[in-house]
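**Q** These protein sequence lines map, in sequence, to chains A and B.
Residue numbers are given in numbering that gives the first Met the number 0: position 6 of the first sequence equals residue 5, and the series is strictly consecutive.
Residue numbers are given in numbering that gives the first Met the number 0: position 129 of the second sequence equals residue 128, and the series is strictly consecutive.
Just so you know, these hints were derived from the structure itself, not from any lab.
Note that this is a predicted model, so its numbers are computed, not measured.
The reader is advised that the hints may include incorrect statements.
As the list claims (entries may be wrong) - For lysine-lysine, the following DSS-like pairs were computed, each having C-alpha atoms within a straight-line distance of at most 27 Å: (1) B:Lys60 <-> B:Lys264; (2) A:Lys367 <-> B:Lys223; (3) B:Lys99 <-> B:Lys181; (4) B:Lys135 <-> B:Lys101; (5) B:Lys324 <-> A:Lys367; (6) B:Lys181 <-> A:Lys253.
Claimed, not checked - Covered stretches of chain A, as calculated for chain B (at least 3 residues, CB under 8 Å): (7) 257-264; (8) 278-285; (9) 306-320; (10) 345-359.
Heads up, the beta-carbon is just placed ideally off N, CA and C, and yes, glycines get one too.
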Amino acid sequence: MTMIDADERAAIRDGFARLLAERHREADVRRIMATDSGHDPALWQAISDMGLTALLVNPDHGGIGAGPVELEAVMEEAGAALLAGPFLSSAVLAAGLLGQSNDADAKARLLPGIASGEAIAAVALTGEAGSWTPVGVNVTARREGDGWQLDGTAAFVLSANVATVLLVVARTADGIGCFEIAPDAIGIDVQPLESWDRTLRFSRILFSGAKAVQIGGIDEAAVERALDLGRVALAGEQAGAARQIFEISVDYLKTRVQFGRQIGGFQALKHIAADLLIEVESATSAARAAAEALASDAPDKDRLVNLAAFACADAFSEVAATAIQMHGGIAFTWEHPAHLYLRRARADAQLFGQSDMYRERFLAAMEKAA
Amino acid sequence: MSDAVNEIRQEARAWLAANWDTDAGRARSGGSMGDWMRLVFEAGWAVPSWPTDYWGRGLGKAETSAVIGEFRKVGAPGAGQDRTNITANSIMQFGSETLKRKMIPEFLTGASMCLLYSEPGAGSDLAAVRTRADRKGDVYVVSGQKLWTSGAHRAQYGLLLARTDWDVPKHEGLSFFIIPMKQEGIEVRPINQITGDSHFNEVFLDNAQVLAENRVGEEGQGWKVMQTALAVERAIMGEGAGERRQGSSKDNVVSLIDIAREAGKLDDPVLRQDIAQAIAWRQLNALNMMRAKQEMAQGSSSPIMSLGKLAMSRILHGDARVMTKLLGAASMLDGEANERAADVNYRAANAYMTSIGGGTDQIQRNIIGERVLGLPREVEADRNIPFRQSRAVTG
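Construct all of the structure, not just a fragment, from the sequences and the given hints.
**A** What follows is the structure in C-alpha cells.
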C-alpha cells in the first residue's frame, strides 16, 4: 500500500465529489436508471480519468495503491450521490480480489485494464443462496487438460451485464479457487435480471462446461480479505447515503409548513430527526473505524469490519425508510428522490450478506478476543 | 503529530514521573488528594488551555488532549478541568474578575459543589424556577425549594439558579450564584430513589444568604450561565459517568457474554442477536466520542458530543433489557438470593438516571433538533410574558 497523506486523501475525495456534483446529479441517476445497461460510459470514462478506478491497484500495474481508508472516503461520496454503474464491482471487488493473488501473469494481464477503466470486471461470489460465504458458492471447477472447466450457477453478480471480464469464485477439489473467463465464452450464459434498485444491476450466470483460466493464489481466506474491502466500501457508501437522505429530510422539515408552522417544530418529527442523527453519525464512525482497522491490519479488524457491516446497513435502512415517512405524501411520488435512497438501502442491506449474519460474526469475534 | 503536541506530551510525562506515584495512586511527596490537586493546579495542568495569567498554559486543543491523555494513562486526577469542571468553567466565562480570583483556584483544587437547579415545579421546564433571590445591600436573601441535588449534604458550595426579577419573561429574570451550603437557612433532606440508593437530596432554602459578589454574570443572565454549566455536565454524562461502578464487572462487554454463558444461553441464536446489538450500541457510541474528540482536537467543533447522553441512555436501558432476558425468571429475585439479579435489577432502575437526569431523553431530542439540526424551537406558552403572569405562578 502506498502512503497517502491526509491532504491527498481529501483532494481525491473532493475531486470525486465535484465530479459527481457535475456529472451525476439526480437527473443523471434517473437517466442511467432508464438505460438498458445501468451504465454511463462517458461518466465511467470521467471517473477513470480521475484515477478512481485505479485507487486500489498497485502502482506496478498502473494503479494508485491506495487502501481501505481512501476507499471508504470515496465511497461516502459515491453513496451520497447514489453512484450507478460498475465501480463497486470492478474497481473494488475485482481489484481487491486480484490484489490478493500471487499470479503475476494474471495481474499483469488484468489489473492495468481495470485501473485505466478500459476493462470492466465483475466478480461471481455467491450462488442463489445469496450468502456471500463459501458455503453459498454453487459453481464447481474441474481440471480439463491444461485448463479448467466451470459448471453451475452464480447469482446476484453485480454489473456482469456490462463486464468485459468475469472473475468466478468456484469450488475445486482442493477448496475455493478463482477463475477468469470472458462473458461471451462458450458454455456461459449471462442473464441480466430486473432489479428493484435500477442503479444496481445483477445477473445470473449459468456455466456449462465453460473453459476458464485459474487465477493463482486465491483461496477461501483471500476471498474473505477481498470481501472485507467490499464490506468497508459498502459501509462507506451506506454511511454517505444515509447522511445525504437525512440532510434532505431535515431540509424539508425546515421548509414544509403545515398548521401555520414549519413541520420540524413538531416533536413527532423533531425527535425522529434527533434519533436518526445518532444513526447517521454512528454509521460514519463505524465505517471509518473499520477502514482504519483494515488498513493497519489491526488485531480487532474482524470485530470492526463486522460491526460496520451491520451498523451501516441498519442505519441506512432505517434512515431511508423513515425519510419517506417524515416527508409524507411528497416522498410517495416517483419524482421525489427519497425512494431512490430506499431502493439502494434495501439492496445494500442484502449485498455481501444480511445484518443478522454480521451481528453473529461480530459477537463471535468478541468471544474470540475475550 | 505536531512537534508542539509531542513536546507538551513529553513535558507532562516527565512531570508526572517526577511527581506522581502510580502504584500508590498519590503524590510522591505524600499528603492528601487536596495537596495533589494543588500541585497539579500550580503546575498549570488543571486548565491547560486557559491563559497563563488565569492558571493555565495557553495550550491548543490537541496539546490539551495530549496532557489529559498522559494524566489518564497513569490514573492521576486533576488535569483537564477546563473540560470537566462545571463551576470553574462557568465562573471563567461569565464571572467578574473579583469572583474569578476569589473562587476559581478553590474549585480547581477540589472544592466540592452541588447543583441547585431543579425544583418541584421546574423539571424539564427549568426556566420556570420559583426560588427567589432578593437583593438586600451586599447580599441576596434566598428562599425556595430545590430538588435532585446530589452531594448536597457534603458540598461546600451550591450552584444556584434563582429568580431575581418576576416582571420579565421567565428566561430573563434569572440569576446564577455560588452559594455557601454550610449556613443556617439551608436544610438538606435525602430523597429515596427507585434503586434504593439516596444519591439525591431536596434542599430547602429559607432566608439563606449569598454575597452579591458571588453572582456569576449579571442579574438576569442566569439562564445563559446555566446553559454553559449544563453543556459541560452533558458532555461528561455522554461518556457514561452515570454508570454503576460498583459490583459486577465494569466492562459491560465481558459481562453480557459472561452472563449469557453462566445462564447457559450463549448458544441461543436469538439472544446472541440481542447481545451483539447491545454491545454494538456501546461500541458505536465510543467510536462516535472518539471521532468527536479527534475533530475537536483538529479545531473544528463537533455536533457529535451532544448525542452522547441520548445514546448512553439507549445503551444502559438496552443492556438491562438483554441482561434481564438472559436471567429469565431469576431476575425476579434480589439481594443475596441472587446477586446477578440484584445487579441487573439495579441497572434496570438506575438507567433512568441517564434518561431523565440532566435533561430527559425527550428534552435532549429537542436540544439536538433545535441546536444541532437547526429545527424550529418548541412553542412555549409563557415564553414572552412577565413570569408573574405565567401559569407556573398563577397555577
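**Q** State for each hint whether it applies.
**A** Here is how each hint holds up against the structure:
1. Taking the CA atoms of Lys60 of chain B and Lys264 of chain B, the gap is near 46 Å; set against the 27 Å cutoff, the hint is violated.
2. Of the supplied pair hints, the one linking Lys367 of chain A and Lys223 of chain B is violated, its CA atoms being roughly 50 Å apart against a limit of 27 Å.
3. Between Lys99 of chain B and Lys181 of chain B, the direct Cα distance comes to roughly 21 Å. Compliance with the 27 Å bound is thereby established for this hinted pair.
4. Annotation: proposed proximity of Lys135 of chain B to Lys101 of chain B holds, straight-line Cα distance about 22 Å (limit 27 Å).
5. Of the pairs offered as hints, the one joining Lys324 of chain B and Lys367 of chain A holds, with about 23 Å between alpha carbons and a cut-off of 27 Å not exceeded.
6. As the CA atoms of Lys181 of chain B and Lys253 of chain A are separated by approximately 50 Å, the hinted pair breaks the 27 Å bound.
7. Proximity of the segment 257-264 of chain A to chain B, defined as three or more residues with a beta carbon under 8 Å from a beta carbon of that chain, is established by the 4 residues found.
8. Here's how the segment 278-285 of chain A fares: 5 of its residues keep a CB closer than 8 Å to some CB of chain B, so the rule of at least three is met and the hint holds.
9. Check on the segment 306-320 of chain A: 3 of its residues sit with their Cβ under 8 Å from a Cβ of chain B, so the three-residue criterion for coverage holds.
10. Residues of the segment 345-359 of chain A lying with their CB closer than 8 Å to a CB of chain B number 3, which satisfies the three-residue condition for coverage.
In this structure, the hints that do not hold are numbers 1, 2, 6, in rising order.
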